[in-house]
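Student: Chains as they are written, first to last, in this note's numbering: chain A, 1 to 91; chain B, 1 to 91; chain C, 1 to 91; chain D, 1 to 91; chain E, 1 to 91; chain F, 1 to 91; chain G, 1 to 91.
Since the hints were made in silico from the structure, they are not lab data. Ideal Cβ placement from N, Cα and C applies to all residues, glycine included. Take every hint as true, because none was put in to throw you off.
Under the rule of at most 27 Å between Cα atoms (straight-line distance), these lysine-lysine pairs were calculated in the DSSO-like manner:
{"#": "1", "chain 1": "G", "residue 1": "K14", "chain 2": "G", "residue 2": "K77"}
{"#": "2", "chain 1": "D", "residue 1": "K3", "chain 2": "D", "residue 2": "K56"}
{"#": "3", "chain 1": "F", "residue 1": "K77", "chain 2": "D", "residue 2": "K91"}
{"#": "4", "chain 1": "E", "residue 1": "K56", "chain 2": "G", "residue 2": "K91"}
{"#": "5", "chain 1": "E", "residue 1": "K3", "chain 2": "E", "residue 2": "K77"}
{"#": "6", "chain 1": "C", "residue 1": "K65", "chain 2": "C", "residue 2": "K91"}
{"#": "7", "chain 1": "C", "residue 1": "K56", "chain 2": "D", "residue 2": "K3"}
{"#": "8", "chain 1": "F", "residue 1": "K49", "chain 2": "A", "residue 2": "K49"}
{"#": "9", "chain 1": "E", "residue 1": "K3", "chain 2": "G", "residue 2": "K56"}
{"#": "10", "chain 1": "A", "residue 1": "K56", "chain 2": "E", "residue 2": "K56"}
Derived coverage of chain D by chain C (criterion: at least 3 residues anywhere in the stretch with Cβ under 8 Å from a Cβ of chain C; other residues may be distant):
{"#": "11", "region": "6-16"}
{"#": "12", "region": "66-80"}
Listed here are the chains, written in short residue letters.
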Amino acid sequence: MAKIQPLADRVLVKPIEAEERTVGGIIIPDNAKEKPLRGTVIAVGNGTKDEAMVLKEHDEVLYGKYAGTEIELDGEKFIIMRQSDVLATIK
Amino acid sequence: MAKIQPLADRVLVKPIEAEERTVGGIIIPDNAKEKPLRGTVIAVGNGTKDEAMVLKEHDEVLYGKYAGTEIELDGEKFIIMRQSDVLATIK
Amino acid sequence: MAKIQPLADRVLVKPIEAEERTVGGIIIPDNAKEKPLRGTVIAVGNGTKDEAMVLKEHDEVLYGKYAGTEIELDGEKFIIMRQSDVLATIK
Amino acid sequence: MAKIQPLADRVLVKPIEAEERTVGGIIIPDNAKEKPLRGTVIAVGNGTKDEAMVLKEHDEVLYGKYAGTEIELDGEKFIIMRQSDVLATIK
Amino acid sequence: MAKIQPLADRVLVKPIEAEERTVGGIIIPDNAKEKPLRGTVIAVGNGTKDEAMVLKEHDEVLYGKYAGTEIELDGEKFIIMRQSDVLATIK
Amino acid sequence: MAKIQPLADRVLVKPIEAEERTVGGIIIPDNAKEKPLRGTVIAVGNGTKDEAMVLKEHDEVLYGKYAGTEIELDGEKFIIMRQSDVLATIK
Amino acid sequence: MAKIQPLADRVLVKPIEAEERTVGGIIIPDNAKEKPLRGTVIAVGNGTKDEAMVLKEHDEVLYGKYAGTEIELDGEKFIIMRQSDVLATIK
Chain A
1 MAKIQPLADR
11 VLVKPIEAEE
21 RTVGGIIIPD
31 NAKEKPLRGT
41 VIAVGNGTKD
51 EAMVLKEHDE
61 VLYGKYAGTE
71 IELDGEKFII
81 MRQSDVLATI
91 K
Chain B
1 MAKIQPLADR
11 VLVKPIEAEE
21 RTVGGIIIPD
31 NAKEKPLRGT
41 VIAVGNGTKD
51 EAMVLKEHDE
61 VLYGKYAGTE
71 IELDGEKFII
81 MRQSDVLATI
91 K
Chain C
1 MAKIQPLADR
11 VLVKPIEAEE
21 RTVGGIIIPD
31 NAKEKPLRGT
41 VIAVGNGTKD
51 EAMVLKEHDE
61 VLYGKYAGTE
71 IELDGEKFII
81 MRQSDVLATI
91 K
Chain D
1 MAKIQPLADR
11 VLVKPIEAEE
21 RTVGGIIIPD
31 NAKEKPLRGT
41 VIAVGNGTKD
51 EAMVLKEHDE
61 VLYGKYAGTE
71 IELDGEKFII
81 MRQSDVLATI
91 K
Chain E
1 MAKIQPLADR
11 VLVKPIEAEE
21 RTVGGIIIPD
31 NAKEKPLRGT
41 VIAVGNGTKD
51 EAMVLKEHDE
61 VLYGKYAGTE
71 IELDGEKFII
81 MRQSDVLATI
91 K
Chain F
1 MAKIQPLADR
11 VLVKPIEAEE
21 RTVGGIIIPD
31 NAKEKPLRGT
41 VIAVGNGTKD
51 EAMVLKEHDE
61 VLYGKYAGTE
71 IELDGEKFII
81 MRQSDVLATI
91 K
Chain G
1 MAKIQPLADR
11 VLVKPIEAEE
21 RTVGGIIIPD
31 NAKEKPLRGT
41 VIAVGNGTKD
51 EAMVLKEHDE
61 VLYGKYAGTE
71 IELDGEKFII
81 MRQSDVLATI
91 K
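Just chain A, same shape as in the assembly (with noise of 0.2 Å):
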């Protein structure tokens, strides 16, 4: 299978789908301003002088709703994005 290695300081996602969003206790709001998602991290660039990289695969972690940029590896759905672009990880 082809690995995606992100490049600078981007992180490959894995979204979770709404319907799992629910199971671990955080429900995104319909009426949010600007909703945030929930996905797994898969890969992480090497970051840059100005940014370094604190996000690992594994983590999850929150994002907005127009971070990043979609992809589609094997038939599942992945997102590329900044680290600056991860709100938060959730434990």
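Given chain A, work out where chains B, C, D, E, F and G should sit, using these hints.
Tutor: What follows is chains B, C, D, E, F and G alone, placed relative to chain A:
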């Protein structure tokens, strides 16, 4: 319960509802051009090299109406915002 | 009474009402393209690494009409603004 | 009389009226795309770490039409502008 | 044959046509808000003091739909883009 | 005669009229998307820490059509512009 | 003949006409979203502290359609552009 850890120079804030907001003596006028809101800091990020964190858990804060991104956790609403969107602390 | 501590390079200013503003000899013309307003500094932030605070409590200041965010505390109106939005002090 | 002390890299300028402005040999053309205006520096700020003050009291200056903020002090009009909005000094 | 040497932090990329793009397991969804494209790096610039080059010849890359400038060389199409427009490498 | 001393990284330029502009062999095409103009440097500022002055009095320069601010001195038109708006010198 | 010396990080480029542009094997497609053009570097500036010059006289270059400012010298058209507007050199 899931725990949200804000990234970089962000803070997780629990808003204080409008009804409660007159108790401490602070009333936000309805005709203000940009009304600040009030909340309690729940969690803070680790900061960045440009922005060290001065806010800490339990701080009461004022922030702009359009600051940050709303999320819902275990049925409660929170806002994730950058520390620079926080106007002041209340003591 | 609640105490507001401005964050970073912000100051808390108590505006001086228009009626009082001609007493000290300073009149703001009605046809000015951007009318400055006058107030008294109530509290100052700790500054940032880019902006050290030069204003201090009790300073009388002139500031632009659209500077900062209005709040109401114990029935009085205040404005929280960045120090860089303050045009001048009055002595 | 109240004294105005400009903040940071700002200067307080007393404009020279149009009628007087042809006396020194400098006429501002009516069809210029952005007409500079002429005035006298009354007070200067302390500068910033990025902008040291080179202007001083009594300097005659040319500045852009939209520079700064008008104020009125003891019945006279002044303009508070950033030093970087001053185009030139006149000797 | 003429050889193109990208300047600064640019790379010369030969796009992989859409038909070929499903072979390696990566499919770009039609409804993505900004579809990434895939290509092969043909030549890289020398970088700048702000952007060291991490890409090298023969790297397979994903890049945004609007990245760079198209050119045609000996009947083949190429794109010159900044390294920062490259989202990820594919291994 | 009044003397104008440009501030910071500005230069005072006396434009050369269009009729004269074909004498030296340089013709500005009428259909150029942004026509450069030609003039002579009359005075230069002291520069800034970011922009040292390389232009000097008597330099002939080309500059963009919308560069700077026109002024009139003793009946003659001049332009005050930033050095960075000067495209080239002519020798 | 007048000689043009570009200022700062600018280069003077003599465009190669479209008819000649297919000789060297490089054809600019008509449907490209921003067509690069080809030319020869005639003169280079001295650079700035942020941008050292890597281009030199006689380099053949590709540049964006909207790069720089056209001038006419002794009946020939030239373009003055910033080095950062040059996409690549051709060898």
